[in-house]
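2 protein chains.
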Amino acid sequence: MAKLITLADVDNLATGSAFLGTGGGGDPYIGSLLCKEAIATHGPVQLLGLEDLDDDANVFCAAAMGAPTVMIEKLFSVEEAHRAVSALEDRLGRRATAIISAEIGGLNSVMPVAYAAMRGLPLVDADGMGRAFPSLNMTTFNVYGVSCTPMTIADEHGNVAMLETSSAKEAEDLARPLAAAMGASVSLSCYPMTGRQAKLAALPDTVSAAIAIGTAIRAGEKAISPVNRLLGALRASRYYGHAYRVFEGKIVDLHRDTSSGWVFGRCVIQGLQSSSIAEIGFQNENIAVRVDGVLKAIVPDLICIVDQETALPVTTEALRYGQRVAVIGCSASERLRTPEALACMGPAAFGESAGYVPIETLCGADPAG
Amino acid sequence: MAKLITLADVDNLATGSAFLGTGGGGDPYIGSLLCKEAIATHGPVQLLGLEDLDDDANVFCAAAMGAPTVMIEKLFSVEEAHRAVSALEDRLGRRATAIISAEIGGLNSVMPVAYAAMRGLPLVDADGMGRAFPSLNMTTFNVYGVSCTPMTIADEHGNVAMLETSSAKEAEDLARPLAAAMGASVSLSCYPMTGRQAKLAALPDTVSAAIAIGTAIRAGEKAISPVNRLLGALRASRYYGHAYRVFEGKIVDLHRDTSSGWVFGRCVIQGLQSSSIAEIGFQNENIAVRVDGVLKAIVPDLICIVDQETALPVTTEALRYGQRVAVIGCSASERLRTPEALACMGPAAFGESAGYVPIETLCGADPAG
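Those protein sequence lines, which keep their order, are chains A and B. Here the working numbering is used: the first residue of the first sequence is -4, the next is one more, and so on. Here the working numbering is used: the first residue of the second sequence is -4, the next is one more, and so on.
Each hint should be verified, as a subset may be incorrect.
One copy or two, it doesn't matter: identical chains are merged, so the pair holds either way.
When the alpha-carbon atoms are kept at most 25 Å apart in a straight line, the in silico SDA-like pairs for lysine to any residue are as follows [stated by the list, open to error]:
| no. | residue 1 | residue 2 |
| --- | --- | --- |
| 1 | Lys164 | Ala179 |
| 2 | Lys164 | Glu74 |
| 3 | Lys164 | Thr189 |
| 4 | Lys245 | Glu312 |
| 5 | Lys217 | Ala3 |
Since the hints were derived computationally from the structure, they do not count as laboratory data.
From just these sequences and the hints, can you work out the full model?
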């Protein structure tokens, strides 16, 4: 049965994908405005289950790349996304029959909805991360056999670059400085795939999951606290079922270092009723959380800092000294936990010396959960 | 009548183009080895006069871009050049029928000879600068109506990037960081043009001119000093006829700052029999020379530092404290002196506050000439 993404879903999708952004991915708020405008103009977007996709469908990604701090000042446009996608269509000699998100976390979850609306194409209910990651190569598309290139990058001046590389990592390494030179905020299209390839490499149901998570945070049962509603939605989801309130407290220290196009840093949170300390390291996204030095969750499992009262996700760039927050951790898809996936987006890819341990092992007996 | 570039011409071409490199363009020595190997393997290269080119010829550039210091460690290959050119041929759906140099100064004068030999194609006796310039947009191709893009960039790992920009300056601005990310030494193909376009936009006879200049420096009449032989060859040439020995002396001060992919700096030379001082500013290429504060030559006219005894050109990166050198200045093609050309590659493009004055005005009455 075909589902639709309507105007009423956009805010929930934006909030849910901000959670799945795990601190990064760019604030989806501005993208959600574009998305509403596109749906208002072109009508709602059909959300197509991965299993309902034709094997010979032409599935194209529309994504944004850049520095989150620039993205909120230099707005994306659907026209820019179209320049990237249509340049890739021209290169491949075939037209998109469906759009897919590369990344369901952050801005990249809403931009493809706006673009699908403009094209009158269905959006596949799936993505390549099930969360946000800082690099273009950190996708299940890449891990499970879809080539990242040919890839196209478009800026707002009408310039288009195309890359053909021998690996997704090399595509990332070339796209990043190019995006910086193009103004630190660009549209791109990559990982062009057939329906058959999408079924093998994409993570199904993540767009619906983001909408369900956002709905729980924003509009659930009033008698239940937003954080508990969030935990309930996660526990009912396909991937994020091992969900924990890892810590609660007040931000007492914060370091950010913006270099090479990323924000590196750490956030220290002190418990309100205890002397316990949680420390979260991030590279755009939150990478690992330790409580009193003990590891509680680590990438690719999800770590998200949310407002203690409203459960609204707080992005890395919005963290502020003194904020009262809850740290929510939850499991990633099993497809991010395989040896080949961990080699691409596990702890070592972020310079973490700790090996990967599933959150349910680290927190399973935790009474806070 | 068809001329050939044979093994015997390569050293002369390399020396002549080192002179026309005006300090930059990369040392052609290593390129000359590749060139000799290619000619030894594939035979000599036909040098085709611009006037003999068919109007509907498909003329492709094969060029190198990068940091000269890296270029001498990470060798170019003809295969890499071929990846760039053939990707552009694929994009345009037509095959090269002739090869042209974008830049006759430095390394980019010999690489196209090697590539033309490998392809069995003629090399056009022309280029887009009549010298070397630090930026891709500083060509007569650009000034006189040929689009710089589509442009392709290839590295030694098999990665290829393609750019389509609204201006040659934007192509330069994107290609430079991309070249850095690809290892600071890449092959590229740009300014694809027809024979008709080449006749309108290229500077004819510059390959022959480089060979003649190199021959005069390396192998002329023994009774005449190399510097005087060089001046004689310049005065007999089509463009470089206003040629002057601007200064002679010893290098007493030298500043180099490598940033954003260029070498910026200045070289101070003290006269041997006088207290006069010459100061030369450079951005890869020498930009302006002043003697005791008085301007003697300025870009786009050519300023080259040569060994005082042998007249062998000294590149920016080979300048050394204590070297005894002569500073040779000569006129550029009139097509580099038009208002539209000066806007692209005149003094202001290099941050020089002085306006352009032809070298024959500045040095015409100079007894040293």
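(message) Let me make sure I understand: some of the numbered hints might not hold for this structure. Which ones are they, in numerical order?
(response) none
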